[in-house]
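Trainee: This is what each chain is made of:
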Amino acid sequence: EAGVAQSPRYKIIEKRQSVAFWCNPISGHATLYWYQQILGQGPKLLIQFQNNGVVDDSQLPKDRFSAERLKGVDSTLKIQPAKLEDSAVYLCASRMGTSDTQYFGPGTRLTVL
Amino acid sequence: AQSVTQLGSHVSVSEGALVLLRCNYSSSVPPYLFWYVQYPNQGLQLLLKYTSAATLVKGINGFEAEFKKSETSFHLTKPSAHMSDAAEYFCAVPRWGDMRFGAGTRLTVKP
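Chains as they are written, first to last, in the working numbering: chain X, 1 to 113; chain B, 1 to 111.
Extracted from the complex, chain X is given alone in its bound form (with noise of 0.2 Å):
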């Protein structure tokens, strides 16, 4: 069973500049997340996915981040302008609906200069 994919790996940008990751969860996992994980700290919920819906984005700055899942499968995660603060892995995890276990993908280490 293939895993949870994410590109790029690593990404590089100067502040204001725009980003964007892609998401493709594993097969037949309706629910897809993307968190925000600071080096030194654990990974923080930025939005949750069921299907192409959002179930929760209280955490997402939206004025400058924004997801989407347009065909329930995989997803892009956007930042514009990019901040200092944002420099982070960026980890996108998929979950069947009857389990509580969450798979992660490998994330994508953003710096921001």
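All the given hints hold, so there is nothing to weed out.
For lysine-lysine, the following DSS-like pairs were computed, each having C-alpha atoms within a straight-line distance of at most 30 Å:
1. B:Lys49 with B:Lys68
2. B:Lys49 with X:Lys44
3. X:Lys44 with B:Lys69
4. X:Lys71 with X:Lys44
5. X:Lys15 with X:Lys62
6. X:Lys83 with X:Lys11
7. B:Lys68 with X:Lys44
8. X:Lys78 with X:Lys15
9. B:Lys49 with B:Lys69
10. X:Lys11 with X:Lys71
11. X:Lys11 with X:Lys44
12. B:Lys58 with X:Lys44
Hints are computed from structural coordinates only; laboratory data are not their basis.
Given the structure of chain X, go ahead and fit chain B onto it with the hints provided.
Mentor: Structure of chain B alone, referenced to chain X:
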């Protein structure tokens, strides 16, 4: 709200020594508890999961964790550390369909 607290941001052990990583959950008994491991430059990998079926849970790579209601704890142990165990370990509890993570414990294994 359910949460977990990991005691000790860094733990250092010698190869072959006992590994003990501490996690305490908030007062109400959670239905599930998780330990995840994160190797450098990688995502999180599930180590083990508590589901209330058994208080002692065995995971991958020789790790196990014991759920103790009286101590509100779910500490992770391994009898003999290996160099390949060096990583960041996260305790986590599900909450309303999402996962709340502790701050993590970085395990260093000395030769």
